[in-house]
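Colleague: Here the protein sequences line up with chains D and R, keeping their order.
The working numbering puts the first residue of the first sequence at 3, with every later residue one more than the last.
The working numbering puts the first residue of the second sequence at 3, with every later residue one more than the last.
Hint data in this document are derived by calculation from the structure and do not stem from the laboratory.
Among the hints, a few may not be true.
A pair counts as met if it fits within one copy or between any two copies, since identical chains are not told apart.
Using 25 Å as the maximum straight-line C-alpha spacing, the simulated BS3-like pairs for lysine-lysine come out as follows [stated by the list, open to error]:
#, residue 1, residue 2
1, 530, 109
2, 122, 225
3, 73, 530
4, 70, 405
5, 261, 154
6, 521, 271
7, 134, 521
There are 2 protein chains.
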Amino acid sequence: MSESMGNLRRTHMCGTLRLENEGQEVVLMGWVQKRRNLGSLIFVDLRDTTGIVQVVFDSHVSQEAFDKGDKLRGEYVIAVRGKVHKRQSINSELPTGEIEIFVEELKILNEAQTPPIYIKDDDDVSEAMRLKYRYLDLRKSSMQNKLKIRHKATRIVREFLDENDFIEVETPILTKPTPEGARDYLVPSRVNPEKFYALPQSPQTLKQLLMVAGMDKYYQITKCFRDEDLRANRQPEFTQIDIEMSFVDIEDIISINEKLIQKIFKDIKNVDIQLPIKRMTYEEAMERFGSDKPDLRFGFELKNIGDIVENSEFKVFSDNIKNGGEVRAINIDGYGNEFTRKSISKLEDFAKTHGAKGLAWIKISEEGVTSPIAKFLTEEELNRIIERMNGKEGDLILIVSDKSSVVFNALGSLRIEVANKLNIIDKDEFNLVWITEFPLFEYDDEEDRYVAKHHPFTHPVDEDIELLETAPEKVRAKAYDIVINGDEIGGGSIRINNSELQEKMFKALGFSMEEAWDKFGFLLEGFKYGVPPHGGIAYGFDRLVMLLTDSDNIRDVIAFPKTQSATCLLTEAPTSVTEKQLDEIHIKLMGNKDVEK
Amino acid sequence: MSESMGNLRRTHMCGTLRLENEGQEVVLMGWVQKRRNLGSLIFVDLRDTTGIVQVVFDSHVSQEAFDKGDKLRGEYVIAVRGKVHKRQSINSELPTGEIEIFVEELKILNEAQTPPIYIKDDDDVSEAMRLKYRYLDLRKSSMQNKLKIRHKATRIVREFLDENDFIEVETPILTKPTPEGARDYLVPSRVNPEKFYALPQSPQTLKQLLMVAGMDKYYQITKCFRDEDLRANRQPEFTQIDIEMSFVDIEDIISINEKLIQKIFKDIKNVDIQLPIKRMTYEEAMERFGSDKPDLRFGFELKNIGDIVENSEFKVFSDNIKNGGEVRAINIDGYGNEFTRKSISKLEDFAKTHGAKGLAWIKISEEGVTSPIAKFLTEEELNRIIERMNGKEGDLILIVSDKSSVVFNALGSLRIEVANKLNIIDKDEFNLVWITEFPLFEYDDEEDRYVAKHHPFTHPVDEDIELLETAPEKVRAKAYDIVINGDEIGGGSIRINNSELQEKMFKALGFSMEEAWDKFGFLLEGFKYGVPPHGGIAYGFDRLVMLLTDSDNIRDVIAFPKTQSATCLLTEAPTSVTEKQLDEIHIKLMGNKDVEK
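Produce the entire structure from the sequences given, and follow the hints as far as they go.
Modeller: Shown next as C-alpha cells:
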C-alpha cells in the first residue's frame with residue numbers, strides 16, 4: 003500500500019526541530035528508523051537527511067493514526083502531521099531530544115521490505131554488500147555527511163577561485179588519446195569508423211591552449227580517467243581541481259594556492275594553516291625522509307652513513323658503496339625499548355617487501371649496545387654510526403644498504419610503518435609542505451630512455467637549462483607538489499612557453515621533431531602564435547576530501563564508486579552488449595575471454 | 003627570441019585602467035593587437051582578457067624600449083612597465099580611451115607568427131578555420147564573453163541551489179548501458195574482457211537512487227552523452243543541469259525552478275521574468291501552435307476547420323478527414339499583402355519539407371478573395387473558413403490537410419518560418435511557458451508498441467492511472483517542459499514511487515516483469531526498500547547559454563566543440579589507435595572502413 007502525499011506539504015526537516023518549536027503544528031516526512039510499541043503509545047524515530055526526531059502515536063490524539071502507526075516497519079517512508087510537544091524524558095544524545103511530535107495524521111508513502119543492511123553508522127557489513135545496496139549505505143548519516151562535506155569543499159574552492167577572477171571552462175570528455183602517459187580509456191567512434199576518442203587523463207593540453215587563447219585564469223572541477231591497475235584508493239575515474247594561470251611564475255601560483263588551501267581547512271576543519279606553508283626541495287625530502295611526499299608529523303629522519311662504512315671490513319656495506327649503492331639509517335629515538343628481536347625481525351620483513359635485501363640494526367639499552375652486525379664493524383665505525391645518528395640509551399637504529407632507490411623506499415616506508423605501530427602520529431595535526439625542484443626527467447628502464455617526470459611541457463629551472471643537453475639527469479623542474487601528512491594532494495608546474503626550449507626538451511626525451519609533432523602537433527601549432535608564460539596545478543579532489551572527512555577509503559567519499567576490479571556492484575557495469583551495438587561502432591570482440599577459459 | 007618576465011609582475015589588467023590611474027607606474031602583460039609606427043612614437047594596442055589599452059613607445063622615455071618596440075608584430079606576447087598618462091586625443095570607443103601608458107621597459111615574452119585568422123569579432127573566416135585554430139578564435143572578446151557568461155550562469159545556478167539546500171553529488175561517467183534510450187557511447191573494459199561501460203545519457207536512474215538514499219535535494223552540472231546523428235545545435239557531449247527532489251509534487255518543483263529561472267535572467271540579462279510563468283497543456287500547445295515547444299512571441303495560431311470541410315466536394319479535404327486526418331489553418335493576419343503567388347509557392351515548398359503534400363491558401367485583399375481552392379469549395383464553406391479564421395482584408399490563410407502529426411508539424415513550422423521571414427519577432431523578448439500534461443506514451447511505429455515519451459519511471463496524472471490498461475494513449479504524464487521562445491530548455495517529471503504502479507507501467511510498455519528486471523533490475527531492487535515521492539528536472543545548459551548570449555550556434559558557447567561529424571578539428575579526435583591498444587581492451591576492428599572504400 004502506498005498513499006500519495008495528498009495535501010500534506012513538508013513544513014520542517016526532522017533534525018531541525020527544537021524546544022522553540024513547541025506547540026507548532028508540523029508536517030514531517032522521512033524514513034522509519036525504529037518503532038517501539040508501548041501498549042497505548044507507539045514511538046517512532048523518524049529520519050531524514052537532517053537527522054532524527056521522535057514521533058508519537060497516541061490513540062487519544064488519533065485512533066486512526068495509531069492504528070496505522072501499528073503497521074509501520076523499519077524504512078517505511080511516511081508523512082506525519084502533528085504538534086510539537088516538550089518531552090517528558092529528554093534524550094540528550096539527539097539534537098531534537100527535548101521534543102517529540104504527537105501525530106494527528108499519518109500517510110504511509112511507501113512500504114519497505116527488510117533492508118539487507120542496517121542503516122546505522124557502525125554496521126560491520128562487508129563492503130561488497132554496502133556497494134551493492136549503495137542507496138541503503140548512503141542513508142547512513144556518516145555517509146551523507148561525507149558527501150555534504152565534499153559538496154561544501156567544491157563550494158569553497160569555486161567561491162575562492164571565482165572571487166579571484168578565475169573562469170571555469172569545460173573541456174571535452176570525448177577527446178584525443180594521450181601520448182606519453184598512462185593508459186587511456188578508448189571510445190570507438192560510430193560516425194568515424196575505426197577511429198577512437200579517449201577519455202581525458204587530465205585537461206592538460208587543452209588548459210594550456212586556453213592560456214594561449216588568452217583566458218588568463220582557468221579552473222575546472224572535472225572528471226579524469228586512467229585505465230591503470232587499481233591500487234587501494236585509486237578509481238578508474240577521479241575528480242580533479244584543475245587550475246592554470248598566465249603571466250605567472252612559481253611564486254604566484256604557490257601564493258594563491260596557499261590561500262585556497264588555508265581557506266578549505268579553515269572553513270571545513272576549523273584548522274588554521276600558517277602561511278607561508280613550508281617548502282622542501284625534492285632532494286632534501288629524499289635525503290631526510292626517503293620520500294617525495296614526506297609525512298612531517300614525526301621524526302625518524304634518514305642519515306647517510308656511507309662515508310663511515312665505505313672502507314669497512316663489513317663487505318655488505320663497503321661493496322655496496324663501491325658498486326654505487328648507499329648506506330643510510332634512521333633512529334627510532336626514544337622507542338628502542340618497544341622493540342624486541344622478534345618485532346625487529348618483522349620490520350625486516352616489511353623492509354624486504356619494499357625491496358631491501360635485509361635490515362641491519364643497533365639497539366642501545368641499559369645493558370649497552372646490541373647489534374647483529376657489531377662483530378663485523380670496528381668499534382670506531384660503530385661509535386661513529388651511533389654518534390652520527392645521535393644514538394643514546396633507549397634508541398633503535400635501523401640501517402639499509404642497497405642501491406639508492408631501494409634505500410630511500412625501504413627507510414622511507416619503515417619510518418611510517420614504525421610511527422604507525424608506535425601510534426605516535428597526531429591524527430588531528432595537518433602538516434603541509436610544498437616539495438619543489440623535482441627532477442625534470444626520470445629514467446625509464448623499460449623504454450631505456452629519459453621520460454618526463456611530470457610531462458614534456460614542464461619548464462626547467464632557469465639556471466639548469468644549459469644542462470639539458472649535457473646532464474639531463476641533473477636538470478630540476480619548475481614543478482611543485484603540495485603534500486599533507488604524507489599524501490600528495492596536488493601538484494603542478496610552470497610550462498615551457500618557448501619553442502626553442504621545447505625543442506631541446508623533446509631532444510632530451512629522445513624524440514625527433516617529427517615524432518614530437520606527431521604526438522603533440524596541435525599544441526605545438528598553437529605555440530607558434532604567441533604563448534604567455536603560464537603554469538598551473540591540479541588537485542586530486544577525492545584524496546583531498548578523504549583528508550577532510552577523515553576517511554581511509556576513497557570509496558567512502560564517492561557516491562557510486564567502483565571496486566578494485568573496476569566494476570560497479572550496484573549497476574553491474576561494465577556489462578555485455580549486443581552484436582548490433584558492436585556492429586554500429588565497427589568493432590568485434592577478440593574472444594580473449596574464451597581463450598582464457 | 004623569448005624573454006622571461008624577470009622581476010616584472012603584472013600590476014593591472016589592460017582593460018581596467020582609467021583616468022584615475024593617471025601618474026601610476028603599472029606593469030601590464032598581454033598580446034599586441036595592433037602596432038602603428040609614427041616616426042618618433044610607436045603606438046601599440048595591448049590586449050588581455052579584460053580589454054585593450056594603448057601603450058606608447060617614445061625614444062625620449064626609453065630608447066631601448068623604443069628600439070625593441072619597433073620589432074613588435076601582431077600577437078606578440080609582451081610585458082611593459084610604464085606610467086599612465088592622460089591622452090591628448092581621447093578614444094571614446096575604448097573604456098580605457100582617456101589614458102595611455104608611456105613604456106619605460108619592454109619584455110618580449112613570446113613572438114608570434116602571423117596568425118591564420120584575425121583576432122577580431124567580425125572576421126568572416128570559415129567555421130572550420132575557427133575550430134582548427136580554436137585558441138586564436140577564443141582570443142576574440144566576443145568568444146571570451148560567451149565563456150564568461152557561461153561561467154557566470156553556472157555560478158548563479160549553483161549559488162541558488164546551494165542556498166536552497168541542494169547537494170551537488172557527482173555520478174559516474176563510466177556507467178551502465180541505458181536500455182530504452184538513445185544510442186550509448188560504449189567504452190570497452192580492459193580488466194573485464196568483452197564487457198563495456200557506457201557514458202551516461204543522463205544521471206536519471208542514479209539520481210533517483212540518490213532520492214532512495216535519502217539525499218533529499220540533489221543537483222549536478224554534468225556532461226551527458228548521446229551517440230546520435232548530429233543535427234544543428236546538437237553535440238555528442240552536452241552539459242546538463244540535473245535536479246531531483248524528494249517529498250514533492252509538480253507544484254513544488256515548478257515553483258522552485260521558476261525562481262531559479264527568474265534569477266538567471268535577472269542576473270545575466272537584467273530581464274524581469276514575471277512569476278508565475280504561464281502554463282499550457284500539451285494538448286493546448288499542439289492545438290494552438292502545432293508544437294509542444296511553442297514560440298509565443300507572435301500569433302498565427304492554428305485552428306481546426308475540419309468540421310467545415312468534412313463533407314466538402316473537395317475530396318482532398320473530405321477524404322482526408324474520413325481517413326482519420328485533419329484540416330487546420332493559420333491566418334497570417336495583417337501581412338497578406340507581403341506575399342505573392344511566388345512567395346506563397348515557396349511556403350508550400352517549405353511545408354513539403356515538413357511532410358505536407360501541399361499547401362492550400364486563401365488571400366483576402368482589396369480585390370477580394372483569391373484562392374486556388376476556391377473553385378472546389380462552396381461559397382458557404384469558403385465563408386465559414388474565413389469567418390473561423392477571423393479573415394479580413396490584408397490576411398493570408400494557409401491550410402494543411404493531412405494526418406494529424408503532419409498537419410501540426412507543417413503548420414507549426416510554417417508559422418515560425420513566416421514570422422522569421424516577416425522579421426516580426428522581438429529579439430529582446432523572452433517568452434516563457436511551462437508545457438504540462440504530456441502524453442505518457444507515444445506509439446513507436448518501428449517497434450510496433452507504445453514507448454515512454456519521457457522514460458518508463460514517469461508518473462501518470464493521478465486521475466488517468468485507471469486508463470493505463472484500457473486506453474494508454476489517453477494517459478497524461480506528470481511531466482513538464484520549460485519552453486523559452488520556442489526552445490525547450492528543460493524538462494522533467496514526477497517519478498513513480500510505487501511498485502504496483504510501476505508494474506502496470508511496464509505492462510503498458512509491453513515488457514514482462516522479467517524483461518523489466520533485466521533492463522532496470524538495480525533500480526527496481528532499490529525500489530523495494532522505501533522510496534520517497536520524488537521528481538526532478540534537467541536543463542540543457544548549452545542551449546540555455548545560447549539564449550543568454552544571443553548565440554545561434556551551439557559551438558559558440560563551448561570552448562572545444564565538435565563538428566557535425568563528431569570530430570574535433572583542433573585535436574583531430576577521434577584518431578586511430580595501435581593494435582596493442584586494441585589488444586589490451588580485447589577488441590578488433592571490423593574492417594568496415596575497407597568495405598566502404
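Colleague: If a hint holds in the structure, say so; if it doesn't, say that too.
Modeller: Cross-check of the supplied hints:
In this assembly of identical chains, the alpha carbons of residue 530 and residue 109 lie at most 25 Å apart only when taken from different copies (18 Å versus 69 Å within one copy). Taking the closest pair of Cα atoms, residue 122 and residue 225 never come within 25 Å of each other, the shortest separation being 31 Å inside a single copy and 33 Å across copies. Taking the closest pair of Cα atoms, residue 73 and residue 530 come within 25 Å of each other only across two copies (17 Å); inside a single copy the shortest separation is 74 Å, beyond that limit. Taking the shortest alpha-carbon separations for residue 70 and residue 405, neither the intra-copy value of 74 Å nor the inter-copy value of 53 Å comes in at or below 25 Å.
Taking identical chains as interchangeable, the C-alpha atoms of residue 261 and residue 154 lie at most 25 Å apart whether they share a chain (17 Å) or sit on different chains (23 Å). In this assembly of identical chains, residue 521 and residue 271 lie within 25 Å of each other by CA distance neither inside one copy nor across copies; the values are 44 Å within and 43 Å between. In this homomeric assembly, residue 134 and residue 521 come within 25 Å of each other (Cα to Cα) only across copies, at 17 Å, whereas the closest approach inside a single copy is 41 Å.
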